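Participant: Residue numbers (my numbering), protein chains in the order written: chain A, 1 to 52; chain B, 1 to 719.
Among these hints, one or two may not hold up.
Stated by the list, open to error - Here are the computed lysine-lysine pairs in the DSSO-like style, where the Cα-Cα straight-line distance is at most 30 Å:
| id | chain 1 | residue 1 | chain 2 | residue 2 |
| --- | --- | --- | --- | --- |
| 1 | B | Lys-302 | B | Lys-368 |
| 2 | B | Lys-228 | A | Lys-52 |
| 3 | A | Lys-52 | B | Lys-151 |
| 4 | A | Lys-52 | B | Lys-96 |
| 5 | A | Lys-52 | B | Lys-419 |
| 6 | A | Lys-41 | B | Lys-151 |
| 7 | A | Lys-42 | B | Lys-459 |
| 8 | B | Lys-602 | A | Lys-52 |
| 9 | B | Lys-634 | A | Lys-40 |
| 10 | B | Lys-602 | B | Lys-683 |
| 11 | B | Lys-634 | B | Lys-602 |
| 12 | A | Lys-42 | B | Lys-12 |
| 13 | A | Lys-52 | B | Lys-590 |
| 14 | B | Lys-12 | B | Lys-419 |
| 15 | B | Lys-479 | A | Lys-42 |
| 16 | A | Lys-41 | B | Lys-96 |
| 17 | B | Lys-302 | B | Lys-96 |
| 18 | A | Lys-41 | B | Lys-4 |
| 19 | A | Lys-42 | B | Lys-151 |
| 20 | B | Lys-4 | A | Lys-40 |
| 21 | B | Lys-302 | A | Lys-42 |
| 22 | B | Lys-96 | B | Lys-672 |
| 23 | A | Lys-52 | B | Lys-459 |
| 24 | B | Lys-459 | B | Lys-377 |
| 25 | B | Lys-479 | A | Lys-52 |
| 26 | A | Lys-52 | B | Lys-302 |
| 27 | B | Lys-475 | A | Lys-40 |
| 28 | B | Lys-368 | A | Lys-52 |
| 29 | B | Lys-602 | B | Lys-419 |
| 30 | B | Lys-602 | B | Lys-649 |
| 31 | A | Lys-52 | B | Lys-377 |
| 32 | A | Lys-42 | B | Lys-419 |
| 33 | B | Lys-479 | A | Lys-40 |
| 34 | A | Lys-41 | B | Lys-475 |
| 35 | B | Lys-602 | A | Lys-40 |
| 36 | A | Lys-41 | B | Lys-228 |
Since the hints were derived computationally from the structure, they do not count as laboratory data.
All of these numbers come straight from a predicted model, not from anything done at the bench.
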Amino acid sequence: MKFSEYIKNVENADIYPMVSLVIFSVVFLIAALYAFTASKKKMDDNANIPLK
Amino acid sequence: MIQKEQFYYDNKIVKQFGIATIFWGVVGMLVGVIAAFEIAFPSLNGGISYITFGRIRPIHTNAVIFAFVGNAVFAASYYAFQRVLKTRMYSDILSKIHLWGWQLIIVLGAITLSMGYTSSKEYAELEWPLDIALAVVWIIYGINMIGTMLKRRERHIYVAVWFFIGTWVAVAMLHIVNSLALPYAFFHSYSAFAGVKDALVQWWYGHNAVAFFLTTPMLGLMYYFVPKAANRPIYSYRWSIVHFWGLIFIYIWAGPHHLLYTALPQWVQAVGTAFSIMLILPSWGGMLNGLFTIRGAWADVKDSPVLKMFIVALTCYGMATLEGPLLSLKTLNAISHFTDWTVAHVHVGALGFNGFLIFGMLYWMIPKMWNTELASKKMANTHFLIGTIGILLYAIPLYWAAFTQSLMWKQFTESGQLKYQFLETVTHIWPAYVLRGVGGLLYLTGAVLCAINLYRTMKQGSFVNNEAAEAVPFKYLPKPEDQNQKTYWHNRVIERRPILLTFLSLVAVGIGGLVELTPSLLVEKDAAVISVVEPYTPLELTGRDIYIREGCYLCHSQMVRPFRDEIARYGEYSKAGEFIYDHPFQWGSKRTGPDLHRIGGKYSHSWHYMHMDDPQSTSPGSLMPHYPWLLANKANFALVPNKIRTLQKLGVPYPEGYDEKAIDEYHQQAEKITSELIEQNIKGATADKEIIALIAYLQRLGTDIKKMDKTGVTQSDNQ
């Protein structure tokens, strides 16, 4: 049996796009939360790394 | 006081990638200019198959993407990584293998593409041996970058590094999935996917190749070199973080916008459009972040070719990333798709954003590494000027051409007939093709000036292979809490284990991308089987492989969209179920010639024969090159049994043991077509020639569903 045949038999395949959307969103929200709660000094220090 | 460690930056590898950048840039752009003029003057190829438009167009795209931008990305990342992570690259040997392996692939790629070895997947045309080599070299690049991150002497990993790492992970995934194919000979293979699914994978790749090869690494470059050139930190580091996550979050979903109005399921098209519109936000945030950084150095812009280049680059980034989402709206897409609008759009990004960012980087970096000043600022300013004029002269005529041609396609007379023949719409926009070539030539001239200027800079300076540096070892770097600073959960989780977190997140993104793709690839209903659609005969299959070899898909689509004018011009619109045996799909992305999906049976064999020999004899004014070699070359039918067996493995329902009968059937059909040709006064036709196979394929195209009453056709429920 071909590889694709196995996956075709997976039940409720429609849930996968939803799961991936949730994974994407969570990662993005964590990153955004991090960016906007980090201290100003920290951000300034990081921004200056190339100029050090 | 903690003793600082002494170490050396490897400048030699940056120099080598830098020289490769400008060398391949000039070569790739030169091929582009030749290709542009071949469209306007089709006889320019001199009757040589190796330099015909269909063969050199992939050389141009691959050269400028993977050789010019690729080498620039490597130069930028090797320069920036060492400096923001305060360490030498992880391994000099890996750096060397990466450098020479990549150049070898480029050379072999150009040779094999000119010989017609192509998978026909745009921007991924290289055949399987080179695909594997590319994957290996890419992995070496990744190991070298990750190793460097591990031995760093800086606690925080600067955002430019994230962009390069994101690029690496995404490109590895895209390349491997899109290159899945089953070889039937050395340098020949059939795509693992067929028809609609193949198209979806290809444009998931094609779009993300733009996203993750031409955009994210360029932003890594921007986040390092713009602050350096402006001598001030990036305007907002917070924005840069959101920019990164926003882009990789959204980009991976936007691919289907390349397939609007096609036989792709509607819901997939809608997802592509929605995510494309969302892309405007992070893209413009990033552009503004770059421009606002330079804003502080406005007084220096007049005298700095580097900053000028960067400003135009960022402006073009903004323009292209606004235009892209707009093009994903169905109303505009109906005009832009298959016309020169897409070509113009892509070149605003490529010439303006990629090109100018790279030139700016080289103008800044090379004098630094050679410890000197740029040899001629005046020359660089001239480059900036003619480069900018080149971009405008390239893009504006093509925008005009696209609107004009698209409107002409859609015009009907009062009696309901199409007002213009396809050919009339092409000859009408011919001046735009000439001007575009001139624009490209100007841009190329600028690149040559850049090469001369950089060469002179190198000659007057003194290069140091190993640049001395010093930094506090990682283990002695102060932690925020040791300095009585308040820490947050994200300091502990993210700052302390950045590699772990970066990679877990990127793995999540990778899974997301694959998971998005998998269900649509596998759900049966999206590509409804039409009972009368049958696999290609051995002769047709051979003809199809010739069609692929000559790159016909670069000028001819095989996708009749459900528009009144297209149905009137070409015939019944294309159904998903008609492509289920197409390994690979041949929908194309641009119509310099008419759509061919319903070409079967439209003209006589003799018309095709004469048309291939001399297109202008049957279609006066046609911009198609001559293909006399198809009439002279003997077709290679020895591979037919291999092809049949390979397709059987991919699920094409040829009967058991068909491979053994295939050559006999090949000859029978070839003899039949040849005798019909002779009856139609083509006295010189012989059955062993490639043209016979190609005619068989063209005459078959889109005819299957005509065998059935329309009401009996099982249509996809998504049409």
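Participant: None of the hints should be skipped; say for each whether it holds.
Facilitator: Structure-based check of each hint:
Taken as a hint, the Lys-302 of chain B and Lys-368 of chain B pair is honoured in the structure, with Cα atoms around 20 Å apart against an allowance of 30 Å. Our distance criterion of 30 Å between C-alpha atoms is met by Lys-228 of chain B and Lys-52 of chain A, whose separation comes to about 10 Å. Annotation: proposed proximity of Lys-52 of chain A to Lys-151 of chain B holds, straight-line Cα distance about 18 Å (limit 30 Å). Distance hint between Lys-52 of chain A and Lys-96 of chain B is fulfilled; the C-alpha atoms sit about 28 Å from each other, no more than 30 Å.
In summary, the hint linking Lys-52 of chain A to Lys-419 of chain B is not supported, as the alpha carbons are separated by about 66 Å, beyond the 30 Å threshold. Between Lys-41 of chain A and Lys-151 of chain B the alpha-carbon distance is near 25 Å, which keeps this suggested pair within the 30 Å criterion. Our distance criterion of 30 Å between C-alpha atoms is broken by Lys-42 of chain A and Lys-459 of chain B, whose separation comes to about 42 Å. At most 30 Å may separate the alpha-carbon atoms for a hinted pair to count; Lys-602 of chain B and Lys-52 of chain A exceed this at roughly 69 Å.
Restraint check: the Cα-Cα separation between Lys-634 of chain B and Lys-40 of chain A comes to about 72 Å, which exceeds 30 Å; the hinted pair is violated. The straight-line distance between the Cα atoms of Lys-602 of chain B and Lys-683 of chain B is roughly 22 Å, inside the 30 Å bound, and the hint therefore holds. Under the criterion of a C-alpha separation no larger than 30 Å, the hint pairing Lys-634 of chain B with Lys-602 of chain B is consistent with the structure, at around 26 Å. Taking the CA atoms of Lys-42 of chain A and Lys-12 of chain B, the gap is about 33 Å. The hint is violated against a cut of 30 Å.
The hinted pair formed by Lys-52 of chain A and Lys-590 of chain B fails the criterion: a straight-line CA distance of about 48 Å is larger than 30 Å. About 62 Å separates the Cα atoms of Lys-12 of chain B and Lys-419 of chain B, which puts this hinted pair outside 30 Å; it is violated. Restraint check for Lys-479 of chain B and Lys-42 of chain A: the C-alpha separation of about 12 Å stays at or below 30 Å, so the hint holds. Simply put, Lys-41 of chain A and Lys-96 of chain B have alpha-carbon atoms about 39 Å apart, too far for the 30 Å limit, and the pair is violated.
Note on Lys-302 of chain B and Lys-96 of chain B: the hinted pairing is violated, with a Cα-Cα distance of about 39 Å set against a maximum of 30 Å. The hinted pair formed by Lys-41 of chain A and Lys-4 of chain B meets the criterion: a straight-line CA distance of about 24 Å does not exceed 30 Å. Note on Lys-42 of chain A and Lys-151 of chain B: the hinted pairing holds, with a Cα-Cα distance of about 22 Å set against a maximum of 30 Å. For a cut-off of 30 Å, the pair hint linking Lys-4 of chain B to Lys-40 of chain A stands: about 27 Å separates their Cα positions.
Restraint check for Lys-302 of chain B and Lys-42 of chain A: the C-alpha separation of about 33 Å exceeds 30 Å, so the hint is violated. Annotation: proposed proximity of Lys-96 of chain B to Lys-672 of chain B is violated, straight-line Cα distance about 57 Å (limit 30 Å). The straight-line distance between the Cα atoms of Lys-52 of chain A and Lys-459 of chain B is roughly 29 Å, inside the 30 Å bound, and the hint therefore holds. At most 30 Å may separate the alpha-carbon atoms for a hinted pair to count; Lys-459 of chain B and Lys-377 of chain B meet this at roughly 16 Å.
For the suggested pair Lys-479 of chain B and Lys-52 of chain A, the alpha carbons sit about 18 Å apart, so the restraint of at most 30 Å is met. For the suggested pair Lys-52 of chain A and Lys-302 of chain B, the alpha carbons sit about 26 Å apart, so the restraint of at most 30 Å is met. A C-alpha spacing of about 24 Å is found between Lys-475 of chain B and Lys-40 of chain A, which places the hinted pair at or below 30 Å, so the restraint holds. For the hint linking Lys-368 of chain B to Lys-52 of chain A, the alpha-carbon distance of about 16 Å falls within 30 Å, and the restraint holds.
Annotation: proposed proximity of Lys-602 of chain B to Lys-419 of chain B holds, straight-line Cα distance about 20 Å (limit 30 Å). Between Lys-602 of chain B and Lys-649 of chain B the CA atoms are separated by roughly 33 Å; this puts the pair beyond 30 Å, and the hint is violated. For the given pair, Lys-52 of chain A sits about 27 Å from Lys-377 of chain B by alpha-carbon distance, which is consistent with the 30 Å threshold. About 65 Å separates the Cα atoms of Lys-42 of chain A and Lys-419 of chain B, which puts this hinted pair outside 30 Å; it is violated.
Restraint check for Lys-479 of chain B and Lys-40 of chain A: the C-alpha separation of about 17 Å stays at or below 30 Å, so the hint holds. Between Lys-41 of chain A and Lys-475 of chain B the alpha-carbon distance is near 22 Å, which keeps this suggested pair within the 30 Å criterion. Between the alpha carbons of Lys-602 of chain B and Lys-40 of chain A the distance comes to roughly 69 Å, so the proposed pair goes past 30 Å and is violated. At most 30 Å may separate the alpha-carbon atoms for a hinted pair to count; Lys-41 of chain A and Lys-228 of chain B meet this at roughly 20 Å.
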